[in-house]
Each structure stands twice: as C-alpha cells, then as structure tokens.
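Novice: Here is how the chains run, residue by residue.
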Amino acid sequence: MARQGVLVEPYHRLKLEQVEQLHRASLAILTDPGVICFNRQAAEVFGDHGADVLSINPGGAPCWLLKIPGTVITDAVQSAPKVVKLGARDENNCLILDGHEPRVRFASGSEANNWLDMDMEAFVSKRSPDTEVEFPVFKVEKGTVDRLARAACLCEHLDSWDSFLRTVNIQDDDITDDNKDVNKFFTSLNNTTKHVMSGLTELSQLSNVVRMAQTIAGGEDRLRENPIISFITCIVKSPLQLVDDTTQKAIEIARSGIPLVISSSPQGGSTAPIGEDGMVAQVNAEILVGIALTQLINKGTPVLYGSVPSRARMDDLCDTYGVPEFSQYNVDCVQMARYYGLPCYSTGGVSDVKVPGIQASVERLFSHILVALAGPQYIHYAFGLLERTNTFCPVQAVLDDAHIDMVKRFVRQPIVTADRISESLKQIRSVMGTPDKLYILFVRRALRSGEITLPYPFEGKDMVDEALFRAQNRMDEILSLPPSHIDKQVVDRVFQEVPGLLTRLRN
Amino acid sequence: MAEDILALIKENVIQGRVTRDDEGFDEGLVGQAGVSELAKEALAQGVSSQDIIKLGLSEGMDIVGQKFEAKKYYLPDMLASAKAVGAVMEILEPYLTRSNIKPKGKIIMATVKGDFHDIGKNIVSILLRGAGYMVKDLGNDIDPQVIVAAVREEKPQFLGLSALLTSTMLRMKDTIQALTEGGVRDKVKVIIGGVGTSEEFAQSIGADGYGADGFQAVRVVDKLNTSRKD
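Those protein sequence lines, which keep their order, are chains A and B.
According to this note's numbering, the stretch in the first sequence is residues 1 to 507, in order.
According to this note's numbering, the stretch in the second sequence is residues 1 to 230, in order.
Where hints are given, some of them may not hold.
Stated by the list, open to error - Here are the simulated DSSO-like cross-link-like pairs (lysine-lysine), alpha carbons at most 27 Å apart as the crow flies:
1. A/LYS461 with B/LYS67
2. A/LYS437 with B/LYS113
3. B/LYS72 with A/LYS237
4. B/LYS155 with B/LYS113
5. B/LYS173 with B/LYS136
6. A/LYS82 with A/LYS354
7. B/LYS67 with A/LYS437
8. A/LYS437 with B/LYS187
9. A/LYS461 with B/LYS72
10. A/LYS461 with B/LYS223
11. A/LYS437 with B/LYS72
12. B/LYS104 with A/LYS139
13. A/LYS299 with A/LYS237
14. B/LYS102 with B/LYS113
15. A/LYS461 with B/LYS113
16. A/LYS237 with B/LYS40
17. B/LYS136 with B/LYS113
18. A/LYS437 with B/LYS71
19. B/LYS54 with B/LYS113
For the record, the hints were derived by calculation from the structure and aren't laboratory data.
As the structure is a prediction and not an experimental result, all values here were calculated from the model.
Chain A with its partners taken away, still in its complex shape (with noise of 0.2 Å):
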C-alpha cells in the first residue's frame, strides 16, 4: 500500500504541438550554444556518446563545451525508469511515480536557514483601553537540528504532506559540513515514517548515509526494495553550465541506485529568458542534460524531473514565486515531463513575503492549485515556506495542511458514474416525497466516508481573524504526540556503523 495523493484531470497549457516545439527547442539548445561543463568526467561520458567536446578554458579551471546531439539526449532519457518508488519507513507511506499518471502528492522543500516562531500577545487599544486583543507576534531563528526534527514530526502527523524533504538547514555549533548529512538525514528519519529526501552537502559523506539508511531500512537488498531516502541533486547553474561539484554527487548517486531529482532552477529574467517559450526550452535542455548523465552513468537510474523554474523580481532581481508567470513555468514544465513518460518533481506552495498572513496564502495558492492541476508526481516546496525560500514557519505549515487537504480535493477527478447516477435519482424522487424536501439526511454517508469538505478548520467565531492562532494549538497538540522514533536497537546499530552523528540525537 502506498500514499495515494490526488488523482487530477490534467490541466493542458501547452497544446501538444507547442510541447513538441519546446522539445526540439531544448535539443537545439543542448547542440546550440551547447552545454558548459566543468566536470571532466561528464565531458568525457558525453564525449564518448557521440557528444563534441570543446576544452574552452585553457590555462584556467577545466572547462569543456559540450554540443550533445539530440538522439544523446532522447536515447538516454528514453532509458529513465517511468515509475520511481519513493520508499519510507513505514511502507504505507510510500510513494509510487508514475511518469504517465497525472497523481500529485505534496512535500516540503527548500533549506531555508531561518525558521519563524510564532507567539499570540495581547495588546490593548489607544481608543478604548478596556479592548484587549490577542496579535501575533513573529521571531526569526536560525535552523537546528531539534527544529528540524520538529518539522519532520509536523510532516508525521499532517496528513495531506506526503514526503518529508529537509525544511531547514541545521546550524547548531556542532554541525560541520562533514557530519551534517548524516545528521540532517538521521534526524529526519527518526522523526517521520514518510520519504524523506534531501541535498547532499558532502560528497564523502554518501556511503555513510547510504549505510544508515540500509542499517534503518534493513539492509543493502530492501533499501533497493524500500528506498526510504533519495537525493537533490542541482548539478546545471543556468543559464547551462554543469557544475563540478554537484555534477560528481549526481555521478556518484546514480551508481549507488538510490533515487535522485534532477532539479534546475534558472530565474526567469536574469539566468534564463523571461518569456514563457525561452524559459521553459532552457529549463528543459538542463533537466534533460543532467537526466541524461544519470543514465550514461547508470542506465536505470530511478530519476526524477526536476522543474524548478522561478522569475526575477524587478526591484531587487531576487526569485518571486508569487507573480502568475511562476505557476505557468512550473504547469509547463510538468507537460513537458509528462511528455517524456519521466515523473516530476515540480514546485508549488511558496510566497514572497516573510510572515503568513493575507499576501503568504493568496500567493502560496495560486501555485499549489494551478501546479496541482496540471498533475505533477511531486509538488515540492509546498509545506512553511515564506520570504521566497529562506524562511519556513511550522504554523504556515499547518495551515498548508489544510489549504492543501482542500487543494486535493479542489482538483481530484469527477466520479460520475451510472451507479452514482442511479443512486442520485434515488434520492431525489425520495426526498421529493418528503414533506421538508430536504436533502440533508443523505449527507450522512458522504460526511462519514471524508468525501465532503469540511468548514474551514482554523475558522474564528467572532469578528477576529483567529486562523493563526487556532493554527498555533494545533501545532502545539501535535507536537505533544510522541514521537514516531525509529527502534532503539536499529538506533544503536545506526551510531556504531556511521561516524558524525551527534550522540544527543539518541533517543
């Protein structure tokens, strides 16, 4: 049994002409000005598949110009998995991609540095000082490992958020860049049953995560069976320059079979063309040309297309995900994916301004609706992001949860069928019989079985907006649970085999 996610009626932007035009445009990129490449191994894969291969720096740091050919890049993507499982440690909460079923789930996503408390305080007003009212008031904090583990157990208990992708980059003084993979990943493992997923900051440090997740997930042969993690891997810096560094992890990754996203994330207006067309042909010739690699390295590989698309601002250049232009990149980019058969990791649910509120949920909506829509695998980002990508908040994640519960039912599939049909009309000539003609007593069965929405959960009774705070309880109930902690014997078997992990993460 795996999460279902929402099954969804797929929105076309794109007619299938213009994806097929966008397809040729992104082949014509890759041979084109072609691709930069500063790591000597993928030149030399590339080179060995029929690619050019231009050294273009000489005297500098290694550099290559790769033109790929088309049939390169078609024959390679052609041999990516169409269905990726993303496993987890409790197996009903695996996730099944399929590339050609348009089935969304929903997951967190960024690395943001800051985390943003919340605390309801009273304040009493100038006008009439008997009225006190209770304002939120925001504090920024930097990202922990004991945040992070605060995140993973919201992710347990919220129901509509399907995979646990690290939330916040952890900060603690002892956290170094060569034990904080293994922390990053035990934390969020121990804290959540679902996928968890995430970057990997050193690329040393792969085989000891790769150990303890075969050590959690019962050895090498049932982490191949059950992957309960999978990596990120940004290996294109757009506009088309594969980095070194990222470049050899998806390298290495791809050898170990363990799934991995490749994800780009050009910015419309600065690293990428601002308009529609060019934007989506570049995005999609450095997916391709990293899903490519993954398979000269591996064929098989269990990849993930990875559409991360954003859109400069005009006041500062920095992302703004908010702006309209943002949802149709992404709904064009889950097209594109569709139209290789590849599932999609694709990107929904984030805003631009720094505190939840008004601007947090109209702008997270636009996305998690009209993305959703279009039927993505994967929607990432969708879970407490706020100020673009650097900040996530664990009661805007709440209230995620529930404008995402009624996203998956906002775009699930019509269920009209002559049984459905039949028994309608039942109902109607009963009810019409009736002396109050009212329909309300057949509500009974739909209100049981959770295929009627609900009021708005966090809804206020007075002529106070009390969402966040009603939020607020609610994350405090759950954070009170007890935690979904992995065994205690396969935790002592974990810090015996894999070096870097903090001895107070011990349960």
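Following the hints, put chain B in place on chain A, whose structure we already have.
Specialist: Positioned in the frame of chain A, the structure of chain B alone reads:
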C-alpha cells in the same frame, strides 16, 4: 423485555433511524427495525408511552446532544435523530391524548407572506419535534390573516416566523400587528428567525424571542416554555 425494546429505541434515536430501510451513523444497520417499528412493537408489548418518551427518546437525544457538543456528530446526524423522535411522537400522539398527557408544547411554524424559502423553517421544525414539541407547519408565503386564524383555532403556545429576504422580513412585523388586531397576541409567544434577522430586529418588531440557528431556536422556545409554566 421492556428494557430491551426501550434500549433499542434509544439506540436507534442515537443512530437516527426512522424505519428499517434507513442507514444509521454506524454501518450495517439497514434491515434492522428503526424507531417506528420499535415504537409500535413496544406499545403492542404494553410499554407505556411515558416510558418510551423518557427512557427511549429523551435519553437517546441526550446522548445525541453530547455527541454533537463533542463534534462527533454533525447537523445531519442531529437532524436524523430529531426526525426519529418526531416520527415516534406522531405514533404516540393518540396514546398521549387518551392518557390525557400533554406534549411539551405546541408551536405553529410559518414562512411569512411573500417569501418562499423554507429550508430554515423546516430544519427548526424537525429539531422542535425532536425536542418533544408538537409542531404544525403552515408552509411558506403565509398571509398574516391565515396565521391569525391558525393561532385562534390551534391555540398554540408558540408561533415561529421565518423569512430569508430582507424585503420579506418586514412582513413579520405585519404578522405580529395582525395578531394584536386579531386579539390573540397575548395568547402566543412569537419567535422569529432567518438570515437577515437579529435579536435587535426581533425586539424592534415586538417578537418574544429570536433564534440565530435551529439549536438556538429550540433553546429559546424551551426557555420561554419554562417561564410560561413558572
């Protein structure tokens, strides 16, 4: 034996099942007797109508109320139970008359002249029946004089007036005026409700009570009923 059938009536009030064809809150009850069949069976066994009301209906509705307060039941569940109680009260009516037992109170319900909206009125009627009141529903778009005539003839203790539209809620005032002119205003307590109405509006037109929703309507009627008896 009597205890068994009263327990079944209580359980089926909680489940909100009128007949054996009804679903309940729990699965798998279709085909088992509902409150109508059980009440008839109880009367045939010689169980008194007072016991059916007290030990079956009232105890069942108390639990339904608790479940609603605890948010385990939603309004449709509450209405299903109230309907079940109303159905039994209808069966018991001749027995109560014969035994000279009076119902909790009698109430006439109507949507006022010019207004055809009756969902709210119908829900309030179901809840009032479920609370043990005898309800006579005149329907919607009811002329003030028809209401005056009904009050004169039925001699209810309460009159419930409903209106959805801001234009027709003013007809409530006309109806109360007609009761005064007809010499029956002091014979009946008038409770109003409907989307545009409010406590202030109720007071401004001389009504005796206001219900913001069905549950408040029942509470207001109960309160007026108690003070009437005091």
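Novice: Does each hint fit the structure? Answer for all of them.
Specialist: Verification of the supplied hints:
1. A/LYS461 with B/LYS67: holds, 20 Å
2. A/LYS437 with B/LYS113: holds, 20 Å
3. B/LYS72 with A/LYS237: Between B/LYS72 and A/LYS237 the Cα gap is close to 54 Å, so the pair fails against 27 Å, i.e. violated.
4. B/LYS155 with B/LYS113: Between B/LYS155 and B/LYS113 the Cα gap is close to 21 Å, so the pair holds against 27 Å.
5. B/LYS173 with B/LYS136: Distance of about 21 Å is within 27 Å: holds.
6. A/LYS82 with A/LYS354: violated, 38 Å
7. B/LYS67 with A/LYS437: holds, 26 Å
8. A/LYS437 with B/LYS187: violated, 31 Å
9. A/LYS461 with B/LYS72: Holds: A/LYS461 and B/LYS72 sit about 19 Å apart, inside 27 Å.
10. A/LYS461 with B/LYS223: holds, 24 Å
11. A/LYS437 with B/LYS72: holds, 25 Å
12. B/LYS104 with A/LYS139: violated, 58 Å
13. A/LYS299 with A/LYS237: Satisfied, since the Cα-Cα distance of roughly 24 Å is no more than 27 Å.
14. B/LYS102 with B/LYS113: violated, 31 Å
15. A/LYS461 with B/LYS113: violated, 33 Å
16. A/LYS237 with B/LYS40: Violated: A/LYS237 and B/LYS40 sit about 80 Å apart, past 27 Å.
17. B/LYS136 with B/LYS113: holds, 17 Å
18. A/LYS437 with B/LYS71: holds, 26 Å
19. B/LYS54 with B/LYS113: Not satisfied, since the Cα-Cα distance of roughly 38 Å exceeds 27 Å.
Going down the numbered hints, you'll see the structure goes against 3, 6, 8, 12, 14, 15, 16 and 19, while the others check out.
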